[in-house]
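Undergrad: For reference, the chains in residue letters:
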Amino acid sequence: MSKRLRVDPTACTGHGLCAELLPELVTLDEWGYPILADRPVPRGLGQEARRAVTDCPALALRLARSS
Amino acid sequence: MNGITGSTALWYASRATGVVSLLMLTAVVLLGVLVNRQGRLPGLPRFVVTGLHRSVSLLSVAFVAVHVGTAIADPYVSIRLAAAVIPFTSAYETFWLGLGAVSLDLIAALIVTSLARAHISRRVWRGVHWLAYAAWPVALAHSVGSSTDMQRGVLLWLAVGCTLAVAGAVTWRAARAAREVPRVKRAAVTLAQAARRPREAGLR
Amino acid sequence: MTYAAARNLARPTPQPAAQPAPGAPGGLPRLLPGRGAAPADLRSHLERHGRPPYRGQSARLIPVLQESGLTGRGGAAFPVHRKLTAVIEAGPRPIVIGNGAEGEPASDKDKALLRIAPHLVLDGLQLAAEAVGARSVGLYLHRGSGRPEQLRAVLAERAAAGIDRRPVEIIDAPARFLAGEESALASRADGGPARPRFKEPRVFERGVAGRPTLVQNVETLAHLALIARYGARWFRSLGTAGEPGTMLCTVHQTDGTRQVVEAALGTPLRDLLALDDRASAAGGSGGSSPWASTAQAVLVGGYHGAWLPAGQAARMTLSNAALRPAGGFVGAGVLVALPADRCGIAETARVTRFLALESAGQCGPCFNGLPRIATALDELAGPRPDPQVRADIQRWAGLVQGRGACHHPDGTVRFVRSALQVFAAEIERHARGRCTAPGAPPFLPLPPGAPATDADWS
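Residue numbers (this note's numbering), protein chains in the order written: chain A, 16 to 82; chain B, 4 to 207; chain C, 106 to 563.
It is worth saying that the hints were derived from the structure and are not from the lab. All values reported here derive from a predicted model rather than from experimental measurement. Among the hints, a few may not be true.
To be verified - Have a look at the derived ranges for each label pair, beta carbon to beta carbon: (1) B:R129 <-> C:A164: 34 to 44 angstroms; (2) B:P140 <-> C:A264: 38 to 48 angstroms; (3) C:G249 <-> B:F91: 49 to 59 angstroms; (4) C:S163 <-> B:I89: 46 to 56 angstroms; (5) C:D559 <-> B:I114: 48 to 58 angstroms; (6) B:R155 <-> C:D295: 52 to 62 angstroms; (7) B:R155 <-> A:G61: 46 to 56 angstroms; (8) B:I114 <-> C:A181: 41 to 51 angstroms; (9) C:R187 <-> B:L47: 17 to 27 angstroms; (10) C:A164 <-> B:A68: 49 to 59 angstroms.
Yeah, the Cβ is synthetic: ideal placement off N, Cα and C, and Gly gets one too.
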């Protein structure tokens, strides 16, 4: 079952950890906020993705099932 | 090794790990403030700050566990396990040990919610995490009050140093937060900042 | 255009002859009462329509709504029957809230409806509550408008007559552009500020107090109340096959007048707006003709909508089928004809500044991007703007789109992008130091004052 990264933009304060931990899927815009790639998390990055979700200081990042 | 020497070893171990625990908890609080203010350790990526905050807090749990365990195991003073988690139920140094139990309970709540933070609501996690600002001073009070170790000499200076560091970090965080633009004004402030060159005179 | 003249704008699409249900309004108007614009009191409402036709069981109304093809009239045009079904399937103890907080400055239709035909709205609210099995019912209204007090009196009247099956709680909203957004409504109903929330979970799944919440615009509820009485076929007797029924529109003419009219979907826009100067050419006996200024462009869908050149708009109808391919949409029925003697860029810049200031300040891309876009538009509205400005706007537009918790950045970007396209010639003029209307008075309506404190959102 594939998963997608989602960010709650009301909680995100632009810490930028997600982009450091998952550069393949997350880049930062010119104001420091994450731009998430519009594709499911590849199997090889599952652990990194889970870590990014747990480590986000604002608890803004989540993994959701992609429908 | 006779009983008294064995007991002394446990007692020293408890006191030593107690001091180290306080140092580590101080470091955890400082790192936590740094994470919150999106600060960095020079030259290191952001995830190092968060990673250290987590690692040091887990390590301090280990030290606190040894500190509590050796105190209980030491037969010289009678401290039951229950007294370590239920505040103010110890016969020995009821008050100061009680504070230790309070701080232990608070730290346990912090650790448990943080380990499960991906599975609980953000509001619950944040609410419990604010208790860190209660756990640390209680731990400090317990450290200074429950034995004379930290009331003199190098250890006293250590206690003073930790207090100053935490007080400074908290003050810094509060000051920065007070200067933060409130949500309602963010767009207006950005609007004011974004004004580029002034409008030239009139259009034909 | 008088109200009486506006009533006759209906062009029913040819339908096989159908027997209307007894008492059903034959043509226009449907929502607004037939005897002029006076508020309908309970007695005349009951005389015209009777008591609400409760089904006695939840979900019974849904097949009728499905057949009728009723879609939301709050702007999103989501099929009503699907929303009701989704709420029923989402879980127990649903809540129904009628959304009367019309934050769009250019729209008056919900205000007019609540003033003139509140009983239709409240009938619809009760019927929707029955359809989803809700015991908790609310009505969301801007405070300080007089409407909460007015509606409380109306509700008391209905309670005395034993018309409502569920008591209705009035929830007051701050006068913000985003206050009527679905999740902002849910947040406010939860006792917090009227700020949009992250859409997971959706409001219909877990809205107010974590319960499935049906949010429906007040005009949608009014149509629902009529469909429940007169049936799907009656509803479909006006409008188009793909977009049946009628809707309320707020029409702004080039002379500055604004009026709420009810029109069938599929009505040509040129029947609603005076887009050319035939009238001024034909008239001319003393005094200035009301159509002195022809329209250069039309704004459809409000401040989250899109500009269309007047010539193109004149060939369009009031339907998503016609407007969407041109980049527009029907939305909440706002139609503004911009006179030829105004600067479209300056108007767009003013409104975009308002939209930026109405950001809830929660999402980084929004409160960073919209003010920058607004400032850049201000520069485009001035003489000899920096040539880099247009590229900046496009870059920021791309950055904010889809990255907020609500559609405020998306709608603003749609509005701005359409302006850059439609008013390209004006931008060229500005680049040479000229302008169609330097220093002209503002045309597009905006409310006074920008939000300054948290209390402005709570």
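Undergrad: Each hint needs a verdict: does it hold in this structure or not?
TA: Status of the hints after comparison with the structure:
1. B:R129 <-> C:A164: 34 to 44 angstroms: holds (40 angstroms)
2. B:P140 <-> C:A264: 38 to 48 angstroms: violated (56 angstroms)
3. C:G249 <-> B:F91: 49 to 59 angstroms: holds (54 angstroms)
4. C:S163 <-> B:I89: 46 to 56 angstroms: holds (52 angstroms)
5. C:D559 <-> B:I114: 48 to 58 angstroms: For I114 (chain B) against D559 (chain C), whose Cβ atoms are near 34 angstroms apart, the range 48 to 58 angstroms is violated.
6. B:R155 <-> C:D295: 52 to 62 angstroms: This hint holds: roughly 55 angstroms between Cβ atoms.
7. B:R155 <-> A:G61: 46 to 56 angstroms: holds (54 angstroms)
8. B:I114 <-> C:A181: 41 to 51 angstroms: Roughly 45 angstroms apart at Cβ, these two residues keep to the hinted range, so it holds.
9. C:R187 <-> B:L47: 17 to 27 angstroms: violated (51 angstroms)
10. C:A164 <-> B:A68: 49 to 59 angstroms: Roughly 58 angstroms apart at Cβ, these two residues keep to the hinted range, so it holds.
Hint compliance for this structure: hints 2, 5, 9 are broken, all remaining hints hold.
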